[in-house]
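Novice: Each chain, letter by letter, is given below.
Protein chains: 2
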Amino acid sequence: MQTVSTIIQTETAKRLIDTYIERFCQSRSLEAMEVGASYFQLWQSIEKLVLAGGKRLRPFMILATYQAYKPDGDLEDIIPAAAAHELIHLAMLIHDDIIDRDGVRYGVENVSGQYLKHYGQFFQDTSELSHMSLSAALLAGDVLIADAHHMLQKTNAPIEQINRAQTIFNGEIFEVVGGELLDMEMAFLPPGVVTADTIAIYKTASYSFVGPLTTGAVLAGAPEEDIATLKQLSIFLGVGYQLRDDVLGTFGDTAVTGKSTTTDIKEGKRTYLIETFERLATPDQQAEFSEIFHKANATDEQLAVAKQLLIDSGSKATVEQLIDEKRTLAIEKVNALSLPEESKQLFYALIKRCLDRES
Amino acid sequence: MQTVSTIIQTETAKRLIDTYIERFCQSRSLEAMEVGASYFQLWQSIEKLVLAGGKRLRPFMILATYQAYKPDGDLEDIIPAAAAHELIHLAMLIHDDIIDRDGVRYGVENVSGQYLKHYGQFFQDTSELSHMSLSAALLAGDVLIADAHHMLQKTNAPIEQINRAQTIFNGEIFEVVGGELLDMEMAFLPPGVVTADTIAIYKTASYSFVGPLTTGAVLAGAPEEDIATLKQLSIFLGVGYQLRDDVLGTFGDTAVTGKSTTTDIKEGKRTYLIETFERLATPDQQAEFSEIFHKANATDEQLAVAKQLLIDSGSKATVEQLIDEKRTLAIEKVNALSLPEESKQLFYALIKRCLDRES
Chain A
1268 MQTVSTIIQT ETAKRLIDTY IERFCQSRSL EAMEVGASYF QLWQSIEKLV LAGGKRLRPF
1328 MILATYQAYK PDGDLEDIIP AAAAHELIHL AMLIHDDIID RDGVRYGVEN VSGQYLKHYG
1388 QFFQDTSELS HMSLSAALLA GDVLIADAHH MLQKTNAPIE QINRAQTIFN GEIFEVVGGE
1448 LLDMEMAFLP PGVVTADTIA IYKTASYSFV GPLTTGAVLA GAPEEDIATL KQLSIFLGVG
1508 YQLRDDVLGT FGDTAVTGKS TTTDIKEGKR TYLIETFERL ATPDQQAEFS EIFHKANATD
1568 EQLAVAKQLL IDSGSKATVE QLIDEKRTLA IEKVNALSLP EESKQLFYAL IKRCLDRES
Chain B
1268 MQTVSTIIQT ETAKRLIDTY IERFCQSRSL EAMEVGASYF QLWQSIEKLV LAGGKRLRPF
1328 MILATYQAYK PDGDLEDIIP AAAAHELIHL AMLIHDDIID RDGVRYGVEN VSGQYLKHYG
1388 QFFQDTSELS HMSLSAALLA GDVLIADAHH MLQKTNAPIE QINRAQTIFN GEIFEVVGGE
1448 LLDMEMAFLP PGVVTADTIA IYKTASYSFV GPLTTGAVLA GAPEEDIATL KQLSIFLGVG
1508 YQLRDDVLGT FGDTAVTGKS TTTDIKEGKR TYLIETFERL ATPDQQAEFS EIFHKANATD
1568 EQLAVAKQLL IDSGSKATVE QLIDEKRTLA IEKVNALSLP EESKQLFYAL IKRCLDRES
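One line per chain: the protein sequences are A and B, in this order.
Here the working numbering = 1-based position in the first sequence + 1267.
Here the working numbering = 1-based position in the second sequence + 1267.
Incorrect hints may appear among the rest.
Heads up, the list lumps identical chains together, so a pair's fine if it works in one copy or across two of them.
[Said to hold, decoys possible] Heads up, simulated DSSO-like pairs for lysine-lysine below, C-alpha to C-alpha not over 30 Å straight-line:
| hint | residue 1 | residue 2 |
| --- | --- | --- |
| 1 | K1498 | K1421 |
| 2 | K1574 | K1533 |
| 3 | K1536 | K1322 |
| 4 | K1421 | K1337 |
Think of the hints as simulated: they come from the structure by calculation, not from any bench.
Looking at chain A on its own, in the form it has when it is part of the complex (with noise of 0.2 Å):
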């Protein structure tokens, strides 16, 4: 019978996804420079962004997983199908921060960002340099697609196993692509169109949540109710997580999310938040705040009147209270797993970690 002390460490998953993710980049820029010298950069910045952060929380969710349902496996089995989805995940950035011309991820220059540096050199034209260092960035993100599909398939496990897995990966892929476009478009259409809970399963709880749960269950052999219960279950994190994520935004401790709590407001990000107002505020609070949502140069003022009223209009209540509602739905699901209770903790502790961050 397992223990809550056989359940992986997020600490020890970092440092095994990291060792393998390490390797697996050297390995492809020794390949790459067979192809050329410029390839090999290419695969150098790839491993110099990917190891500069991330807490590798979704292999994490899957060798955790996998370890409460087959507490004798080998977590090594299963490593390429854990690195797999941070492989995938890697991509999605590199080309979320090409959507949002971003050069920075995790604190460093992203692949876009080193290349404005390494071909600065050979364009005046800034447009051109920036058109051709998101270029290579595209064609990083393109590798890293096909090479993580590919880096599944070397998952030891049952061949059913490895085929259900993958179908999972390319399912999380397609609703994750489609949570980007609808994230992408909600910028500039109409309000309501997209809404904040379309963007929430697609483009966060399904290849976040969803595929990581499921992916550790189904390579474990879990019995099927678990696996469709987690699947459930993730759901609600995934969405309790972008909730959580959207309070965070506006209301929460820059000093420990390092995040600002004004960006949100002024660049008009139709969040939980926003879309709760809409629904909630008299016509007087909806006047008020239209004066200063979507502002760029909105004032210290403004902000903290617009932050009121998402307070005032209880807005801001409201979305706490369906953040409970997801933890509620959670713990039921996690009570409803067939593992013994001591297996649920890390369920538990998953919901805590999402719903109840601070950061």
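Assemble chain B onto chain A, guided by the hints.
Specialist: Same frame as chain A, but now just chain B:
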């Protein structure tokens, strides 16, 4: 014993692949609709593009090679592997068009071209509009890379053969991404850093020839020596194809090729012809040529002079001679295959088609 008549015709291959890809796109469109109407639209734009053109040469080569080695095999079994090669080609074209900022492919609007229209109403700033359209195309290519990998997995063959086909496939993608990077950089790096040969091997030969021929052979269970020989043959085919492409790009008949014979010179594309010219031309010829090469506003008279210099220097004849050498080497490789003479006709025809084509 197989006869030539058992080898599939290019038109039949195109029909089989088009049907499979059309059904795939329709099924993906329906699934995308569940995510959101915008995602459905992305898949519609993918379907529109892929059915607008393309000769399906890569799938044809897989199907035909498979039949050459397994005349009693069922083509249905390997259509997923063949279609996967078309899908990755499509993804690469879509992303290549992003890098080149091209809005047209197969004579119709490509994905970003379609989105320029679709998003037009939401933007006044054309550079914003362009960025968002390219971003939609970026996401289209991303999901296709993942789907291509997953499609290949649906091949009906022994698992060892599928795994090997997947490794070949992933290797192709790794190489074509490297080739694409080098090709992009070739436009602004100092001459000589990247050679036309490197581009031909990694951007053209790898996923357009080596991948298809070896995949067909592996899935048919061809002898190892033949697989190795086919790999060498494919490199001659791919490089020969590119050499012919470069000659046609300057000396082709526009009425037949449908392509301008001055674009390469005006854009300063460093083709085999140019590299050879630089090696063979006298200092006077080089000086005269450099006044015209890579000048977007070169006159018709100047362009005629440049072409004549490529002839007078011996560059054109030398490249033609290189093609002859590749043809001889390729034929030797076909002769060495363990196939009956009549099955080899397929490969002789392929050599002719790639190296002696006029369009």
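Novice: The structure should be examined with respect to each hint, and the outcome stated for every one.
Specialist: Status of each hint after checking the structure:
Taking CA atoms no more than 30 Å apart as the test, K1498 paired with K1421 passes in both settings, with 24 Å inside one copy and 24 Å between copies. Taking the shortest alpha-carbon separations for K1574 and K1533, only the intra-copy value of 11 Å comes in at or below 30 Å, while the best inter-copy value is 58 Å. Taking CA atoms no more than 30 Å apart as the test, K1536 paired with K1322 passes inside one copy only; the shortest distance there is 25 Å, against 44 Å between copies. In this homomeric assembly, K1421 and K1337 come within 30 Å of each other (Cα to Cα) both inside a single copy, at 19 Å, and across copies, at 28 Å.
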